[in-house]
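Sequences and hints are given; from them, build the entire structure.
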Amino acid sequence: MDLSLLSFIVMGVAAVLLSAVMITRRWPVSAAMVLIGVMTLLAGMFGLLDAHFAAAAQIIVYAGAIMVVFVFVIMLLNLPPEELRYGGVTVGEMILSALGVVVALLLGTKVGRGFLTTGIEQLGLQKPESAPHLHRSVFAESENVKNVAASLFVDYLWAFELISFLILAAAIGAVVISKKKGAEHANAA
Amino acid sequence: MLMLPELGLYFSFLMFLVGLAGVMFRKNILFMMLSVEILLNAANLAFVSASRLTNTIDGQVVMFFVMAVAACEAAVGLAMIISLYRTKASIEADDLKALRG
Amino acid sequence: MNYQTMLAAVLLIPLLGSVLNGFFLRSAPRLVTVTVATLAIAIPFVLSCLLVFGPVSAGEVVRTDLFTWISVPFNEGRLEVPFSLTVDRLSGILLLIITGVGSLIHLYAGEYMSHEKGVYRFFAYLNLFVFSMLSLVLGSNMVVTFLGWEGVGVCSYLLIGYWYSDEANARAGMKAFVANRVGDLGFLLAMFMSVKLFGTLDYAQIAEALTNELAANNGPMLTAIGLCLLLGVTGKSAQLPLYIWLPDAMAGPTPVSALIHAATMVTSGIYLMTRMSFLLVHSPEAMTTIAVIGAATALFAATIGLVQNDIKKVLAYSTVSQLGFMVLGCGVGAFQFGVAHLMTHAFFKALLFLGAGSVIHAMHHEQDIRKMGGLIKKMPITGWTFVIGTLAIIGFPGLSGFFSKDEILYYAWSGTFGHPLLWATGALAAACTSFYMVRLTYLVFFGESRVEHGHHHGHGHDDHHHHEIHENPLAMTLPLMILAVLSVIGGYVSMPHAIMHVLGIHASENLITQWLSPVISAAKQTMTAVHGDAHGSAALEWGLMGTSTLIMLVMSGFAISLYKSGPKGGESIAQAVGGLYRLILDKWRIDELYQAVIIEPLKKAGDVFFKVGDRAIIEGIINEGPRGIYLVTSVLSDVQSGLVRNYLKVLFIGIVALCIWIFI
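Protein chains in written order, with the numbering used here: chain A, 1 to 189; chain B, 1001 to 1101; chain C, 2001 to 2664.
Simulated from the structure, these hints should not be mistaken for laboratory data. Heads up, the beta-carbon is just placed ideally off N, CA and C, and yes, glycines get one too. Any given hint could be a false lead.
Below, a list of computed lysine-lysine pairs in the DSBU-like style, where the Cα atoms sit at most 35 Å apart [claimed, not checked]:
(1) K2564(C) to K2587(C)
(2) K1027(B) to K179(A)
(3) K1088(B) to K2649(C)
(4) K2524(C) to K2587(C)
(5) K2587(C) to K1027(B)
(6) K1097(B) to K1027(B)
(7) K180(A) to K1088(B)
(8) K2603(C) to K2587(C)
(9) K2568(C) to K1097(B)
(10) K2568(C) to K2313(C)
(11) K180(A) to K2649(C)
(12) K1027(B) to K180(A)
(13) K180(A) to K1097(B)
(14) K179(A) to K1097(B)
(15) K2377(C) to K2117(C)
(16) K2117(C) to K2313(C)
(17) K179(A) to K2649(C)
(18) K1088(B) to K179(A)
Which chain C residues face chain B? A few, computed with CB under 8 Å, are given here [to be verified]:
(19) I2560
(20) S2561
(21) K2564
(22) S2641
(23) G2642
(24) L2643
(25) V2644
Written as structure tokens, this is what we have:
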């Protein structure tokens, strides 16, 4: 077992466990902090998967920008403790959790010999071995960002531009939605 | 022999389940949104793993788009939480029954 | 103005008057309303005179096509029904009667209704009635006639129920409407069959299409058309078995009774039969049925008239009886004398009704003849004109009723479809007529006064209670006088041959026969060709004339002697015949018979349909269907709880199920 595999497993297990920790937090701020940890771990996993651009974006955009917004809002709301109770877990929710575990085990045993990969083969997608001309060429260590950029700004140019509009709309929408009611009335009057 | 991408897919599945449990079981909208972030991260992991698995770059491009959408979702969703908290003085999901048929 | 425009104006001016009064002059003073309404009839009367004594008397037929009303594909061609008007000699007579008598009655009604509030409604209806009646007689085809036919029915309904706040009046209006509808069905069926047989509804075109050959091949069809027309006539002209509405129609204001239920609307059946005479004579069965129904109605209604005590009811049954005479005249083939009697009847019956109205008006709505008497001293004009009307209707020699009625009776014996039995029935009816009319006149105008004071409950004019009974103003007596003159001279148009011979008038035909010859010549030819000449003679004519005059004198004398001492004079006879008297007093219990035979079963059937069809089936489907849908949807709407987390849980269950289905 080589080092990269070992560290990948460790990081994956840590990410799943930290996720579980995050959803059981009582205080939103600590949950956000744990979530930042999860994202950092994921960035490491991306790096091990040779997706360097994704790893960097995960750190900068996700852990950096988005989570900062979350923390801002959490602090802005300044929720009182009674708003932060867990609430009971009902019988139905326990059954649902059990169902989830069963499905996880089910898929886990299948994945023991790579069910998903064989499944992908059945779907007609290419495996690395069957496409030697692609192998390692796009995943050359110094080439990843270049490849992503080439794909993003050539093949997915329209989608990229549309996404930029989406972000613009979301920014304006956020401003409008969170505007104070009183200010609206004042404007209307 | 276990390969990294396959493991990545499996971790992404487990993370997704955890995130789903968070969305389903937490009544606090703030936690539901944090759980949604976990869901999106799990999806990102699956995309990147699949990209590595099939040796194509598209998965990473889509991961970039997902990140953009997550940013939008966070911005609008948090704005809504603020507005909601102002009008209802509560961020309990079960207090919101306007969609009742 | 050319004649075509004039003709259209005759029809449309009353409509204009109706619209003006009904919509635009609602709050105008009474004088304006009355003037507009009267002018809306008087102007057409002048135009009618110009038309009838101008081109029509010269033998022309004036026709105006206003617009194409119906145009539909039919039998590889098109069925064209234009809204066109025709005035020929037959409709000319009717035109003069409607507008002439109509304007007199409008003048009279203006005074008669002077105590009413909101008379605009009354005059709007009255003008609308005249419009309908004119389109009935002026229509060039059966559809336009039918429009008028329905229109007069509606107006009659509206006017009978004019004082609708009293339920009895509203009921009388409905009764008239329903009875008329039954007759209208007959007219409709006759139209359908005419379209099938002739492919047209235009009278002139039907007359052209009806060749002897066609008639010979389609005998049963023609009989069916004739009988359906007869059904229409029994409804509109109040013949057996549909006469029941007319006596009840007296609930309306008296001018309405005079105009609609004496002079014009009820005679439209006679007009229709004369208009279709060329067709009817091809079917002896239909003609005989018409004659029998006419004779039976004449006698039947006359017997009821014998015992009535309401002044208007007596006149109403008298009207039914006289209409029976006219129908009898048509049925035996003497269409021209049916029309002649129509005309004279319009004069004297309108006179009698207006006279009765004058009495009622002066008595503050008292209608019981047992509470009148001796009124001739207080109301000389009304009284003497009423006497003239009575003499005219009972056929006093020299007055109009004498000529027209005797001609009908003569043809009832000797006409193409005549029979001595028909004459006997008619003569008996005439005897009854003499009795009840003299009884009525005597009890109202002669003898001791039996007027009670302080008992009158008029329509909202209590201040009149203790006033003396006095003659009405000129607006009411002038029409009476004009109609009295017409009642005297109107009959000379149908002077019998025998008298003409004596007087040295050497015309081959009397005036009415000459005048109507273009209209009825086709019928005459058919009758002559099939049945030979009528088998009358001067001796027979003199004999019948003498007999009926004798009967009239005897019955009048009998009535006067009986009621010399007041209304109780008839009681001895009434007691002698006991049961029969009560039966007649109850109008032969025909209404009760209809109630039991037709109305009650209909009510029961309606009840069954209501309970089973409406309540159980229709309401069941309508109520239970939505209830089931509601049950289902309430379950579904519970699923839609509004809780986002629940939706997510359901979604999760779905994903799990999908995973299990895909991977196992």
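Do the hints match the structure? See the list:
no. : hint                 : result
1   : K2564(C) to K2587(C) : holds (25 Å)
2   : K1027(B) to K179(A)  : holds (25 Å)
3   : K1088(B) to K2649(C) : holds (24 Å)
4   : K2524(C) to K2587(C) : violated (38 Å)
5   : K2587(C) to K1027(B) : violated (89 Å)
6   : K1097(B) to K1027(B) : holds (13 Å)
7   : K180(A) to K1088(B)  : holds (13 Å)
8   : K2603(C) to K2587(C) : holds (23 Å)
9   : K2568(C) to K1097(B) : violated (90 Å)
10  : K2568(C) to K2313(C) : holds (19 Å)
11  : K180(A) to K2649(C)  : holds (33 Å)
12  : K1027(B) to K180(A)  : holds (25 Å)
13  : K180(A) to K1097(B)  : holds (23 Å)
14  : K179(A) to K1097(B)  : holds (23 Å)
15  : K2377(C) to K2117(C) : holds (31 Å)
16  : K2117(C) to K2313(C) : holds (26 Å)
17  : K179(A) to K2649(C)  : holds (32 Å)
18  : K1088(B) to K179(A)  : holds (15 Å)
19  : I2560                : violated (91 Å)
20  : S2561                : violated (93 Å)
21  : K2564                : violated (92 Å)
22  : S2641                : holds (6 Å)
23  : G2642                : holds (3 Å)
24  : L2643                : holds (6 Å)
25  : V2644                : holds (6 Å)
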